[in-house]
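Those protein sequence lines, which keep their order, are chains Y, H and R.
So that you can map any letter, position 257 of the first sequence is 257 in this note's numbering, and since no number is skipped, the others follow by simple counting.
So that you can map any letter, position 168 of the second sequence is 168 in this note's numbering, and since no number is skipped, the others follow by simple counting.
So that you can map any letter, position 233 of the third sequence is 233 in this note's numbering, and since no number is skipped, the others follow by simple counting.
Everything labelled a hint here was simulated from the structure, so no lab data went into it.
Small disclaimer: the values here were computed from a predicted structure and weren't measured.
Fair warning: there could be bad hints in the mix.
Which bits of chain H does chain R cover? Going by a derived footprint, with three or more residues having C-beta under 8 Å, they are [stated by the list, open to error]:
id, segment
1, 82-91
2, 96-103
3, 108-116
All residues carry an ideal CB built from backbone N, CA and C; glycine is no exception.
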Amino acid sequence: MKRFAKISVAVALVATVGLAKEVKIGVVLPMTGPLAAFGQTSKGGLDIAYEQNHKLKNGDTIKLEILDDRGDKVEAATATKRLIDKNKVTVILGEVASGNSMAMAPIAEKSKTPMITHASTNPRVTKGKKFVTRACFIDPFQGAIGAKYALDNGYKTAVVVVDAKQDYSVGLAKAFKKAYKNGGGKVVGTVLINSGDKDFNAQVSTIKAKNPDIIAFTGYYPEAALMARQARAVGVKAPFIGADGVGFPELVKIGGEAVEGFMYSDHFNEKAASSDVAKAYIEAFHKKYNKPADSMGALAADAYNMILAAMNKCIDEGKAPTDKICVNTNLRNTKNFQGVTGVISIDKNGNAVKSGVVNEVKNGKFVYKTTVNP
Amino acid sequence: MILELKNITMRFGGVTAIDNLSFGVKTGEIYGLIGPNGAGKTTLFNIVTRNYTQTEGEVIFNHEEISDLKPDMIVQRGIARTFQNIRLFKSMSVLENVLIGFHNQANYTYFESMFRLPRHFLFERKLKKEAMEMLERFGLVEFAEVNATSLSYGNQRKVEIARALATNPKLLLLDEPAAGMNPNETEDLSEIIRRIKDEFGLTILLIEHDMKFVNNMCDKVLVLDYGEEIFEGKPSDAIVNEKVIEAYLGDFKHA
Amino acid sequence: MKMVKISFLIISILFIWFAQNYIDPYALSILNNIAIFAILALSYNLINGVTGQFSLEPNGFVAIGAYITALFLISADTKVDMFALEDPAPIILAMSLDFLPALLVSGVVAAFVAFILSVPVFRVRGDYLAIVTLGFGFIIKILAINNPKYTNGAMGLNDIPEFSNLYWTGGIMILTMLAMLNIIYSKFGRAMKAIRDDEDAATAMGINTFWIKTYAFMTSAFFEGVGGGLLAALLTTISPDQFTFLLTFQLLIIIVLGGLGSMTGTMVGTILVIGGMEWLRFLDENMTIFGYETGAHPGMRMVVFAILLIIMMLFARKGIFQDKELTEIFKKGSK
Chain Y
1 MKRFAKISVA VALVATVGLA KEVKIGVVLP MTGPLAAFGQ TSKGGLDIAY
51 EQNHKLKNGD TIKLEILDDR GDKVEAATAT KRLIDKNKVT VILGEVASGN
101 SMAMAPIAEK SKTPMITHAS TNPRVTKGKK FVTRACFIDP FQGAIGAKYA
151 LDNGYKTAVV VVDAKQDYSV GLAKAFKKAY KNGGGKVVGT VLINSGDKDF
201 NAQVSTIKAK NPDIIAFTGY YPEAALMARQ ARAVGVKAPF IGADGVGFPE
251 LVKIGGEAVE GFMYSDHFNE KAASSDVAKA YIEAFHKKYN KPADSMGALA
301 ADAYNMILAA MNKCIDEGKA PTDKICVNTN LRNTKNFQGV TGVISIDKNG
351 NAVKSGVVNE VKNGKFVYKT TVNP
Chain H
1 MILELKNITM RFGGVTAIDN LSFGVKTGEI YGLIGPNGAG KTTLFNIVTR
51 NYTQTEGEVI FNHEEISDLK PDMIVQRGIA RTFQNIRLFK SMSVLENVLI
101 GFHNQANYTY FESMFRLPRH FLFERKLKKE AMEMLERFGL VEFAEVNATS
151 LSYGNQRKVE IARALATNPK LLLLDEPAAG MNPNETEDLS EIIRRIKDEF
201 GLTILLIEHD MKFVNNMCDK VLVLDYGEEI FEGKPSDAIV NEKVIEAYLG
251 DFKHA
Chain R
1 MKMVKISFLI ISILFIWFAQ NYIDPYALSI LNNIAIFAIL ALSYNLINGV
51 TGQFSLEPNG FVAIGAYITA LFLISADTKV DMFALEDPAP IILAMSLDFL
101 PALLVSGVVA AFVAFILSVP VFRVRGDYLA IVTLGFGFII KILAINNPKY
151 TNGAMGLNDI PEFSNLYWTG GIMILTMLAM LNIIYSKFGR AMKAIRDDED
201 AATAMGINTF WIKTYAFMTS AFFEGVGGGL LAALLTTISP DQFTFLLTFQ
251 LLIIIVLGGL GSMTGTMVGT ILVIGGMEWL RFLDENMTIF GYETGAHPGM
301 RMVVFAILLI IMMLFARKGI FQDKELTEIF KKGSK
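So that you can see chain Y by itself, here it is in the shape it has in the complex:
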């Protein structure tokens, strides 16, 4: 009997080790199409995180199944269904654009599959959902960061520049205005631009006439750079403050002198990173890609690691890492997670509560100014 028991245990042990399973994470990203730049940078960070760690506590291996959605809503929805039904993934990671994430969220919700977006900032992605989480802060928060920073530094009046075509810009502008007014600031004007425009003389004249202390620019870097140049050319001296959409090297390449002093909030700045986790990531990133670590990749890495943490917690609880309900519960209950982009806690709405950074352009470089806490 004893011998039988010994053999059974041995067989069981061997079986478990031999049965070290694959745990699949489905990833939906715009690898081609108009949003490809964001998809590629996301994958860049994801790959680093994967290389650093793709094993769970119980020996199971993580498998990433990445599908390209071409930046298209219909494809994002179909890809999500494919990952869930055909590839049988445990978690969905993605997407970048809020519109596409919103097409994916109901699908994850319906099939009770946890979903985490690393970069979609529209509040409605998680609103009312139990199975959707995000690793980044939402637009209202980022708008509040900018407003707080502006007011703390004595800029009491502002003109807000909005890119009407981009829901990112529109949402951000609304959040900024609300926080700014609540903090005692005065919005003296709103100016509309269109992404793709090159001539902002009309808008710049309006800004000059309004003479604000600061110009809140809620759009993307190409227009930011051009507008800054044209503003300086007509003698507008007020500084600019923007958000993560302007934080790209091209801002300086196109803007030159004009963007000196341009401030912006962002998820991440590698200079500000002080934690071990961040340092390790940045080092691996430099080694592999030989360029500065960007926010998009860092956020993707954090989302990935949050998933692994949730799965490992399930294992601790005696449950399988492929238990979707368990993984979701743990993801949604993430508290004080040390990520590359800072310390992340998920609130009851599935949104990340974390610090943001404010950077400034100084001598053609992005210099870290301060961290703003929630």
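Given chain Y, put chains H and R in place with the hints provided.
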């Protein structure tokens, strides 16, 4: 006079294509328009069919001034035409081409077709029957389902005439109907035209270069040169007229 | 012939019922996509392929249909919550209808807009149709962005109730196909083809080409509007950037591949393009060919798809079915 053209002048920019032309076609006549190339014959046709609007003058059909009508409207008044270079609908069968001619006689609406209401079936049946009868008259029944442009040239011309006849015209305009035909086909064509004229009570206005054909067919001819009338009368008199001969020097297809 | 039509209908209905209830959500979503794109492509084929008027209208009418249906379906409370830029206009809050009426209104409004466009364009030669419809598509998108009180602007609409399922999409697809075939096999379809082949000759036969073109254009618009509504209720979220020329371009590929003017061809084309693009996904993943690992190359799928399209067009220059329906392929003397 079923058709009267009064003082028609047609100018295209600086070019006067037709200069103060007047003539009339009697009901039941076969009237020919002849003249050297560029004389203005097809232009005149287009004025009758309202594809062109004359610079000056009146067009009176069946005692009605039709100058304000659009080209598709004059078909309902009773004028049909064929084209110099046979313009059949190349993606459609012989039967379908002829069915186009019956278009305005199918009295069902768009909705009735989409939802297949009774009137659609009623008129489609009626039309198909009449179209097949038309094909029978021209000896083309065996080609009904065949693509129209795969027929021989002579047969294509027949289809075009059948299609025009389907519109139930009173006046039929034939633009060089015998062009590109050998003597046998031309003979065949003459017979058909005469037959349909009698059977359908038509008046025919035609343009032709083949003088034998013209001589054979036409009760009267109008000879044009540089947009002006140079003779009107019997074909047999036309070919011996001095002015006519002069205009045609080199252009004649000898009788 | 009637037996064929009836058995086709019965088989389709059985297939739809079976699929909706028994196959996995992924395969079902592909069928839903095929059905909706089929509706869009079949109707687009009417003005472009059958009537021969080169138009670039679909993205505009699909947008109109999507927005109208979405606004009728979303509850007033959700709208108040969702409209982030400006408060929704009272009429927007009042808009509320069941699914079918909402779809019908979408179609009718689209058809009405089409009529307004036809009047200036078709009264002269229709050569300007392409430019007008291209511009029209842009204008609709810009209107959606610039009127946040009515459309929530660039943020779009979401939390649209998910009414679309295969009964709706497949059912309406069948109705669309029947409607198109009914039109084609009638004097109106013949007149449309006549206009395509030779507009002057058609006029000379007494056809009022303005009205025939307008009927075709309005019909296309109607079904494109309905299709847009179905799309909104399938994705549950819509935004202006979805309705660009790229959507029209996708439909153009489908109808040209299938054969301009052939509804059978369009149906086959939709399956090949929409189904094919999903099927080709394996090319984006890591593959083991003869023991050699290729590595994952996202985007390879589209490269292969483009090459396949080119090859198909080289061998079937007028499209797979050219301008014939399935039953006509076997007729004598067909080109």
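Can you name, in rising order, the numbers of the hints this structure does not satisfy?
Going through the list in order, the structure violates no hint and respects every one.
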